[in-house]
Structure formats: C-alpha cells, structure tokens
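Student: Here are the chains, one letter per residue:
There are 2 protein chains.
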Amino acid sequence: MDSMSSGARGAAQIFNSTVAGFAIAAAWETGALDELEEHGSLSLPEFCTRHDLHLPSVDATMTALASVGVVERHGEKVGTGPEFTEVYRGKAFFHWLTVGCGELFSDMAGVSRNANRVGTFYRRNGAAIGYACRDINAQSFDPVFWQAMEELDFDFTSVADLGCGSGGRLAQIARRYPKVRGTGIDIAADALRDAVAEAGTAGLGDRLEFIEGDVMELRPDARLESVEVLTCFMMGHDFWPRENCVASLRRLREVFPGVRRFLLGDTARTEGMADRDKPVFTLAFETAHDLMGVYLPTLGEWEDVFEESGWKCVGVRPVQVPADSVIFELA
Amino acid sequence: MDSMSSGARGAAQIFNSTVAGFAIAAAWETGALDELEEHGSLSLPEFCTRHDLHLPSVDATMTALASVGVVERHGEKVGTGPEFTEVYRGKAFFHWLTVGCGELFSDMAGVSRNANRVGTFYRRNGAAIGYACRDINAQSFDPVFWQAMEELDFDFTSVADLGCGSGGRLAQIARRYPKVRGTGIDIAADALRDAVAEAGTAGLGDRLEFIEGDVMELRPDARLESVEVLTCFMMGHDFWPRENCVASLRRLREVFPGVRRFLLGDTARTEGMADRDKPVFTLAFETAHDLMGVYLPTLGEWEDVFEESGWKCVGVRPVQVPADSVIFELA
Numbered sequence: 001m002d003s004m005s006s007g008a009r010g011a012a013q014i015f016n017s018t019v020a021g022f023a024i025a026a027a028w029e030t031g032a033l034d035e036l037e038e039h040g041s042l043s044l045p046e047f048c049t050r051h052d053l054h055l056p057s058v059d060a061t062m063t064a065l066a067s068v069g070v071v072e073r074h075g076e077k078v079g080t081g082p083e084f085t086e087v088y089r090g091k092a093f094f095h096w097l098t099v100g101c102g103e104l105f106s107d108m109a110g111v112s113r114n115a116n117r118v119g120t121f122y123r124r125n126g127a128a129i130g131y132a133c134r135d136i137n138a139q140s141f142d143p144v145f146w147q148a149m150e151e152l153d154f155d156f157t158s159v160a161d162l163g164c165g166s167g168g169r170l171a172q173i174a175r176r177y178p179k180v181r182g183t184g185i186d187i188a189a190d191a192l193r194d195a196v197a198e199a200g201t202a203g204l205g206d207r208l209e210f211i212e213g214d215v216m217e218l219r220p221d222a223r224l225e226s227v228e229v230l231t232c233f234m235m236g237h238d239f240w241p242r243e244n245c246v247a248s249l250r251r252l253r254e255v256f257p258g259v260r261r262f263l264l265g266d267t268a269r270t271e272g273m274a275d276r277d278k279p280v281f282t283l284a285f286e287t288a289h290d291l292m293g294v295y296l297p298t299l300g301e302w303e304d305v306f307e308e309s310g311w312k313c314v315g316v317r318p319v320q321v322p323a324d325s326v327i328f329e330l331a
Numbered sequence: 001m002d003s004m005s006s007g008a009r010g011a012a013q014i015f016n017s018t019v020a021g022f023a024i025a026a027a028w029e030t031g032a033l034d035e036l037e038e039h040g041s042l043s044l045p046e047f048c049t050r051h052d053l054h055l056p057s058v059d060a061t062m063t064a065l066a067s068v069g070v071v072e073r074h075g076e077k078v079g080t081g082p083e084f085t086e087v088y089r090g091k092a093f094f095h096w097l098t099v100g101c102g103e104l105f106s107d108m109a110g111v112s113r114n115a116n117r118v119g120t121f122y123r124r125n126g127a128a129i130g131y132a133c134r135d136i137n138a139q140s141f142d143p144v145f146w147q148a149m150e151e152l153d154f155d156f157t158s159v160a161d162l163g164c165g166s167g168g169r170l171a172q173i174a175r176r177y178p179k180v181r182g183t184g185i186d187i188a189a190d191a192l193r194d195a196v197a198e199a200g201t202a203g204l205g206d207r208l209e210f211i212e213g214d215v216m217e218l219r220p221d222a223r224l225e226s227v228e229v230l231t232c233f234m235m236g237h238d239f240w241p242r243e244n245c246v247a248s249l250r251r252l253r254e255v256f257p258g259v260r261r262f263l264l265g266d267t268a269r270t271e272g273m274a275d276r277d278k279p280v281f282t283l284a285f286e287t288a289h290d291l292m293g294v295y296l297p298t299l300g301e302w303e304d305v306f307e308e309s310g311w312k313c314v315g316v317r318p319v320q321v322p323a324d325s326v327i328f329e330l331a
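Heads up: the sequence lines are chains A and B, in that order.
In this text, residue positions in the first sequence follow our numbering: the first is 1, and each later residue adds one.
In this text, residue positions in the second sequence follow our numbering: the first is 1, and each later residue adds one.
Incorrect hints may have been included.
Per the computed footprint, the stretches of chain B lying under chain A, defined by three or more beta-carbons under 8 Å from a beta-carbon of chain A, are [stated by the list, open to error]:
| no. | segment |
| --- | --- |
| 1 | 90-96 |
| 2 | 250-256 |
Cβ pair distances, simulated, as ranges [stated by the list, open to error]:
| no. | chain 1 | residue 1 | chain 2 | residue 2 | range |
| --- | --- | --- | --- | --- | --- |
| 3 | B | Asp-304 | A | Arg-9 | 28 to 38 Å |
| 4 | A | Pro-45 | B | Arg-219 | 41 to 51 Å |
| 5 | B | Asp-34 | A | Glu-151 | 22 to 32 Å |
| 6 | B | Glu-103 | A | Leu-55 | 51 to 61 Å |
| 7 | B | Phe-154 | A | Thr-120 | 57 to 67 Å |
| 8 | B | His-51 | A | Leu-152 | 24 to 34 Å |
In case anyone wonders, no lab produced these hints; they're calculated from the structure.
Bear in mind that the values here come from a model prediction, so they are computed numbers and not experimental data.
Cβ coordinates follow ideal geometry from the N, Cα and C atoms, glycine included.
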C-alpha cells in the first residue's frame, strides 16, 4: 500500500467495501456470520464441506470481508475482525441493500431517467426483503415492541396485525398471550398461504385468522370490530403522502371501532443529518424510496398527522437502529 | 456522529460505500461524473432538466456519493470531493462490479452452494460489461498498447484481433494505419453485427472483416494466413487452465503462421497481496472469477506457458491499473 496514494487508497476502500457489502449478505445466508458470532472463528474447508459449499467462492467471500476488517484470515482459519460486531448487528441491512434491492440499485441510472418511469419500472426481490425484514424486526423493533405490549394498561383478547406478511409477529403474540386471538391482513396472497400453513404447524390454527386485503382500502368487517390492539410495522410510510395517510388512518378508526391501542412502528426520513454521518441503513432506505418514487415522511410529518386522523399519540418509543425509527402508541 | 461508536462508524462506512458503489456507476451513466470532471461542479435541477432525469433519484445518487467524499453538496450545487479524482479514474470498475456483475454478486450465496453449480448457474449483464470494458481499455490498456504498436520494428499490413467484440480496437488500428487491413474474431454474433455496421459507418468496411468463431477452437483459414500482428485483450484468461492454454496458444501458431508479433493484454490473479491492500478492481475481478469457477492464472503462470506453446516472450509491458495487468509481446 506504500505505493498507493491516499486518494487511490480512498477509492480502493470504497470499492472493496462495495464488494464486502455483497459478501456480508452472502456470509449471513450461508451461515458463516452466525458461526463466527457464536464461535469466534471457523475453518474454511471444514465449513464448506459441512454445508456443501464451493470452497473458492466462500474463500473469495471471506477475502472480501477481510479487505475491510470484518474478518481476519490466517491460512484456512477465519476469525472475527475489528468491524465484525457492528457489521453482524447490521447484517440484515446489507442483505436488504445488495440482495433484496440489488436489482433496483444496479439500475439506478435507468430508474433516474424520466422516460423510463412508467409502468413497472423497477424490480426488487420480495422474498429476500422478507428474509432481511424478519431479522431487522427481531434486532431493532421487537425489543421495543414487546416492552410496549407488556406495558399496555388494559387486558385484551383480540389483536390485528396490518401488513402481517407470513404471520411471524402474530404467532409470537399468540404464543406469549395464550388467551389472545389474532387476525393478520396483507395484500400478498403468497405470504398469507405461508402464514396459514405455519400457524397450523405451530398449533395456532384455531386462534389465528388471515385476511387478504389492501390495508389502505379496508372496509367495515364484523371480524374486525372487536379488535382491541392493532399493530403495524415497517409499512406505515406506504400510507403517505399526507392526504392519503390522513384518510387511511381515519378509515382504520372506522374499521376497528374497538381498538384501544395502535402500535405503529416505522422508519422515517431523517432530517438535517450530514451526508457523511449517516448510520447503517439510512442512506439505502432513503435512496431506494427516492428511486421508487415512494414518499417517505419525517418523524415531524408523522406526528403532525395523528390528531387530524382521529388518533391521539400517547407515546413515542424510539428504536435505536435504523435512525429515526419509532413505535408510535396511538389511542 | 459523536454519538456513534467507532465500531458503528466503521460499519456505516462500509454500508454507505456499498450504496456509493452503485451510485458511482449510475452517475457515470447519466453523465454527471463527466460533467463534474469537466466543470468541477453542476447544478442539480439544471442538470436534471437538461437530461430529463428524475430529480429525487439524482439527488439521492449525489447524497450517496457525498456520504463517502466523492462529491460535496452545497444546496442544489454539487462539487467534487476529496475522493473524486481517483473514483473518476476507476468509474468503469465500479460499473463492472455493480451493474455488469450485479446479479452475480447479489447471488453470491446461491452461487456458493455446490448443489446450484450446474448448468447456467449465474447471470451477468453482457452489454454493461462491454460498456465498462471500453472505458477500462481506453484508460488502462490503450496507452500501453499504442506504445507497443508504435515500437514494432517491422512494417505490417494485416492485423487480427481475437475477441474483437464490436470492433473498436480494429477500427482504431485501421484509422491509425491507413494501409492496414484488419480481421476481427469473436464468438458473439450480436457484437459482430455492431462491428460490421460501425465499420461501414466509419468508411472502413472495405478494410475490416469479421469472422464469427471461438478463438479457442480456430481452424486453419486462408484469410488468416497472412496476418502479421495479432492482438488479444482481456480474454486471455479464458484460455486456461494451463493444459488448455498451451493447446490454444499452439493452435494460434498454426492458424496464424505469418504472425510476427502477438500483443496479449490481460489482468492476472495477484499473489501475496494483503487482503486490506487490494487496489480498485482486483478484489471484484478475482471474486467474480472464483464465483463463476473460471481459472485465473497469475503472471508467473502466464510467463511459464509461452515457451511450451511455441511462442517467445520478447517483452512484458506493465499496465498500472488494474493490478498485475500486462501486455505480453510474443514472437
């Protein structure tokens, strides 16, 4: 590196970090990151044999991680590097970026041309985004969510989850609160089929119900009238822009007349953060929504919309990562 | 950033660099990088209007570049940042990685599973790779190539380019040497159609001929017997592994009996370079070939193969970037 100017070193650092961004996602999927987290090191040939993996590919993956200090290599042995802990914590965000949204970001130039922004002008990998979001939920929102649930100052027997996906959150609620019945609503029929199957396997089939529908277009439904706790995670920004959000939140008041608490968890657009100070995820999350043309409200914009929509915000619980993520407690 | 630990800062740096890796490719494609290189700054709204681009998308692209110091933003004005010069020099390598090979890298985990490595197990964007390689050629190999051509110590009237693609190199040779006739050989029929069309447009149709064929499987052909100068760039590693390479190089001696000089330019696998010291491109180039299962020889392995193949290496001209790139002069 002595022969490399500091400018060349900076460019190389950006370049190698990009390769590493892909490699982090891959090393998570193959199980290598979890094994390093658990044991602190792994033997490459043994790991590849055990998981039937192509040694040169996994070796290259580890070289990419080593180039930016996520791991350190000593011959065939791979150990954790100085960046491992924080990268492991953020692994799902890297996966969201390079696998879930890889195609969108690869076509950033094409998507930037107004002439191309008609019809279906971008593609993302929905299954991969779901995979990453489960970990993001577990790492980021869940600890705050369960605390909010524990602190509810009333008893409840009916919960509905908006944008329930494959029903993971509802199943956890049902397990934790044995008297509760749950209803999941999502627009993705595939995910709901998984949800029904998984609820059955888990012996929760008689307590969980799933309804295919657009959360923004719900109509009064006898099955929803008795719901007391409403949850909605990582989809609230889809309600926006403002006018639509007010209408959607108002409609939820009508469709769920018995709701006493609405736990709305989402990541907002940051404000006034210097370009060079953005923490993991923020830059990709905001860039992706700009590319897709999806409005992303700030926390201030969110707080300004509740009263007009007939809800009262009785609490705002901050979520540490991603930046500007919160769970609003609405009554 | 004060509230961010140094570990979190490292992970954020890797994350934002990954977003920037995509953004560099996009900013090159939309013309923003060239404009910044030429004028030192640009006005975002004016630039977007002039090129009919979606302002929020281009704004997000610039934010990504600013997050790692490639540009600096002052309101609507974007100027070059401390990393600009080296990143601009390497722009095509970023494009090769995030656009040309984006799909391959996104599926790094899938490609690593032996069970998946059958049939066509990866995809790359050939057109995008061609786009990047033209710039890589122009920036990296061409200055060294033209010097080698100028220093040839004999007159020549017939040149053949192996793996000619859309014929750019041959057209340049024909323009520079008005008495020379050129023959291009490539396996890609699409690229050859472009080559024929472009040669016609350039008024070189009567001096350039294109043959569809596999360079590794060429048979004696009267049209090739009189060729005196043979060129081959960025495909030599496809001749490998060693046994195949010896056979291919020997066959070239037979198919081109009149050749006096063979200029073979390629990038080799680096040896003994510390993981954290890899310059732009090296890591991605080697990782991609490991993922694809394509053998990549080192410079030492290349030099060891010529004599056995019936060629004499009379010169090795180093190319500065990418690392371990050279033009071999074979006689």
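Student: Now tell me, hint by hint, if it's right for this structure.
Tutor: Against the structure, the hints:
1. Counting residues of the segment 90-96 of chain B whose beta carbon lies closer than 8 Å to any beta carbon of chain A gives 3, which reaches the threshold of three, so the coverage claim holds.
2. Under a criterion of three residues with beta carbons nearer than 8 Å to beta carbons of chain A, the stated coverage of the segment 250-256 of chain B fails, only 0 such residues being counted.
3. Taken as a hint, the range 28 to 38 Å holds for the pair Asp-304 (chain B) and Arg-9 (chain A), whose Cβ atoms sit roughly 32 Å apart.
4. Between Pro-45 (chain A) and Arg-219 (chain B) the Cβ separation comes to about 43 Å, which falls inside the hinted range of 41 to 51 Å.
5. Asp-34 (chain B) and Glu-151 (chain A) have their C-beta atoms about 56 Å apart, which leaves the hinted 22 to 32 Å range violated.
6. Taken as a hint, the range 51 to 61 Å is violated for the pair Glu-103 (chain B) and Leu-55 (chain A), whose Cβ atoms sit roughly 22 Å apart.
7. Checked against the hint of 57 to 67 Å, the pair Phe-154 (chain B) and Thr-120 (chain A) passes, with Cβ atoms roughly 58 Å apart.
8. With their beta carbons about 53 Å apart, His-51 (chain B) and Leu-152 (chain A) fall outside the hinted range of 24 to 34 Å.
The structure fails to meet hints 2, 5, 6, 8 from the earlier list, while all remaining hints are met.
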